[in-house]
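Line by line, the protein sequences give chains Y and W. Going by this note's numbering, the first sequence opens with residue 1, and the numbers climb by one from there. Going by this note's numbering, the second sequence opens with residue 1, and the numbers climb by one from there.
Just so you know, the hints here were simulated from the structure itself, not pulled from any lab data. Do not take every clue at face value.
Some chain W residues flagged as far from chain Y (calculated, every beta-carbon gap over 12 angstroms) [said to hold, decoys possible]:
#1 Thr24
#2 Pro39
#3 Thr288
#4 Pro300
#5 Gly362
#6 Arg364
#7 Asn377
#8 Lys399
#9 Arg402
What follows is a set of in silico ranges between Cβ atoms, one per label pair, in the way DEER data are often shown [as the list claims (entries may be wrong)]:
#10 Thr72/Y <-> Asp14/W: 32 to 42 angstroms
#11 Glu263/W <-> Arg143/Y: 14 to 24 angstroms
#12 Ala48/W <-> Thr65/Y: 44 to 54 angstroms
#13 Thr65/Y <-> Ser230/W: 48 to 58 angstroms
Virtual Cβ for every residue (Gly too), placed ideally from N, Cα, C.
Single-letter residue listing:
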Amino acid sequence: MAPVLSAAGLAEIARLRGLYAHPQSALLPALHLAQGEVGYLSPAAMRDVADALGLPLTEVMAVATFYSMFHTERLGRHEIRVCTNLSCHLNGGDRILDHLCSRLGIRPGGTTPDGRVTVEPVECLAACEEAPVMLVDTERRARVTPGAIDELVGRLR
Amino acid sequence: MAGPLLTKHLGQPDRERLETYLGTGGYQAAATALRELRPEQIADMVEASGLRGRGGAGFPTGRKWKLTPKREGEVRYLVVNADEGEPGTFKDRTLLEQDPHQMLEGVLIAAYANQVHRAYVYLRGEFFTAFERLDRALGEATARGYFGKNILGTGFDLDVVIHRGAGAYICGEETALLESLEGRRGFPRLKPPYYPAVRGLYNQPTVLNNVETLAHIPHIIGLGVEGYRSYGPPILYSVSGHVTRPGVKELPIGTPLREIIFEHAGGLRPGRTFKAMFPGGSSSAILTAEHLDTPADFEPLAKLGSMLGSSAIIVMDDTACIPAVIRRTVHFYRDESCGKCTPCREGTVWVSQILDRILGGGGRPDDLDLLDGIARNMTGTCFCPLGESVPPSLRASLKYFRAEFEHHIRTGACDLAAGEGQVVAAAGIPGAEG
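Using the sequences and the hints, build the whole thing.
What follows is the structure in C-alpha cells.
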C-alpha cells in the first residue's frame, strides 16, 4: 500500500530516528507528525509510522491509545481544551466548560456535527495563575469568561 | 533579602532571543564553569548550595550528580523533566516561556559537571508556547556555539534534543518519563534497586533534573555558594486558587504560608475567609487556617503529614466545598492512573464512586470509614507516587473537614452559600448527562 504520510514527513521521521540510540524513542515525535499531517491517527497513518520505525503495528497502537493528545478518530477543525482541574475548578472552570458545550450543542469530548470544533476537558494546563484557562488549538486563553466564549464561538470557522 | 534571582528577567520582551539573554550576563556562568572549573568542583558547589530537586521529591541535586557513575567510555545522559503537571504548579512553564536560556545554561553546566554529551528535554505536549520559545532559544544558542561541538572552544560537546510528550500526568514520574522517552506507554519502572542515576535512559546512567532545579544552577556558579545562599536560598512558589494576585512568587525557602498567601499573593477576595490550602500541589495533604504560620519548607510541612512537593500553594476560601474539591482531585488521579498496579487502578475508582455517591445525595453513614479504610490500604502499596498521592489529602480532609462530609451524607446537599465553583460542583461535571 502506498503511504499516506508525505515524502517530507517520512524523511522527517528518518531524521528523528537519528536523534536517539533506539529508533522506538522517535515514536512519540513521529505520531505527533503523523497526526499533524493526517488530522488524526488513522490506521494507515499508524501503519506508516510502524513501517518507518521498524515497529509492530500493535506497539504503535498501544502507545497511541495511551496518551490523551493522540486521537484515533477524526477531530473538529479546531480543538478547544478546557482545564477543569483544581485552580480552574475553584475559579469557575466547570461553568466555562458547561457554557462552551451548551453554545455548541455538544457534550464534553464531542465534536460539532459540522466538524468545526471539538471540545475536550483536560487536566491542569500549568497556568493556574490565569484560571480559568483553556487552549484554543495551540493558543492559551487566560481568565476565560462566558462573554469570551461567546465571542470565540462566533468567530471560529 | 536581595531581590529576585530566577525571576528577575521574566516579562522582558524577546527574552528568548540570545542577544537579550547575553545582554544581562547570560552564559557567563557556563563559560566560567567550562573554562575554569573541574566537573567535581561544580558538583561540590551545587551540593554545598543546599539545592534540592524542585520537581517534588526534593532530593539533594549535588548528591544526585555525585551518585551518577562516571565510568570512562560509558554513555551517560542528562534528561530534563519539563513535564510539569502537578495540579497547581506552573513555575516551570513560566520559566520555559519567559526565560528559556536560563534553564538551557543550567543544562549546559549540569552536562559538563556530569560529563554528559547528549541531553533530552522531555517537554509537556500541551506546552505549545514553551516549545516554540525553547526551540528558538536552543536554535540560536547552538548556532552561536553554546551547544553542539567544541563549545566555547573548550573541546566540550553537548547536543540537546527537545522531546515533546503527548498528554499523560504519569510521565512526570521519572521512570515513567524514561519509558515514554524510549517510545513506550508511560508505565513506571520498579525502583529500587536501580535508580535512573545508575540505570536510566536505555539502562545507562542518567541525570534527571527538573526545569527549576536547572535554572538555579547558573546562579550558584555565577554568584558562588555564599552569594547564592544570601538570596534565601530562593525557591519558586506557584500560588493560585482564591487569591487576588496569583502567580509565581520567588521567595526565600521557608517563608511562612501566611506571608506568601496574604502579602505576596494579595490575600483573599473582599469579604471572604480562609478555609484550606494545598501547600505542595494536589498530592500534598490539605491543611487549614491553623497551619498558616508554618514555614513553607520541606521538614515543617512533612511534620504536619503534608509536603512541600512542587511548592504549589492552592488556596481555598469559605466558598469551596471540600468534598467537591477532594472529589475533583481523586477523579484526576483516577483518570491519570496508568493501570499498572491494583491499589491505584482500583482504589482511585472505588474512592471516586463513594465520593460521587456522597456528593450526589446518596451517601451512607459508614461511607467515611470505608473511604478511610481504602485510603489506608492504598498507603505504601502503590507502585509509584501517583496512587500514593490520593490518601494524604483524602485522610486529611476527613480529619479537618469531617463535618462537611457528614452534612452531605445526612442532608444530601451542600450547606455552603452558593459560591464560585459551588453550584457546578454539586451538580457534577456539567453537560455530562446531556
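Cross-check of the supplied hints:
1. Every CB of chain Y is more than 12 angstroms from the CB of Thr24/W (nearest about 24 angstroms), matching its label as outside the interface.
2. Interface exclusion of Pro39/W from chain Y stands, the closest Cβ pair being 23 angstroms apart, more than 12 angstroms.
3. Separation of Thr288/W from chain Y is adequate, the least Cβ-Cβ distance of about 16 angstroms exceeding the 12 angstroms criterion.
4. No Cβ of chain Y comes within 12 angstroms of the Cβ of Pro300/W; the nearest lies about 23 angstroms off, and the non-interface call holds.
5. The non-interface label for Gly362/W is consistent with chain Y: the shortest C-beta to C-beta separation is roughly 21 angstroms, beyond 12 angstroms.
6. Every beta carbon of chain Y lies more than 12 angstroms from that of Arg364/W, the smallest distance being close to 25 angstroms; the non-interface claim holds.
7. Every Cβ of chain Y is farther than 12 angstroms from the Cβ of Asn377/W; the closest lies at roughly 25 angstroms, confirming the non-interface assignment.
8. Remark: the non-interface label on Lys399/W is consistent with the geometry, its nearest Cβ contact in chain Y lying 19 angstroms away (cut-off 12 angstroms).
9. Arg402/W, annotated as away from the interface, keeps every beta carbon of chain Y farther than 12 angstroms; the closest lies near 21 angstroms.
10. Distance hint check for Thr72/Y and Asp14/W: the Cβ-Cβ separation is about 40 angstroms, which falls inside the suggested range of 32 to 42 angstroms.
11. The given range of 14 to 24 angstroms is respected by Glu263/W and Arg143/Y, whose C-beta atoms sit roughly 23 angstroms from each other.
12. Our hint of 44 to 54 angstroms for Ala48/W and Thr65/Y holds, since their Cβ atoms are close to 47 angstroms apart.
13. With their beta carbons about 51 angstroms apart, Thr65/Y and Ser230/W fall inside the hinted range of 48 to 58 angstroms.
Hint compliance for this structure: no hint is broken.
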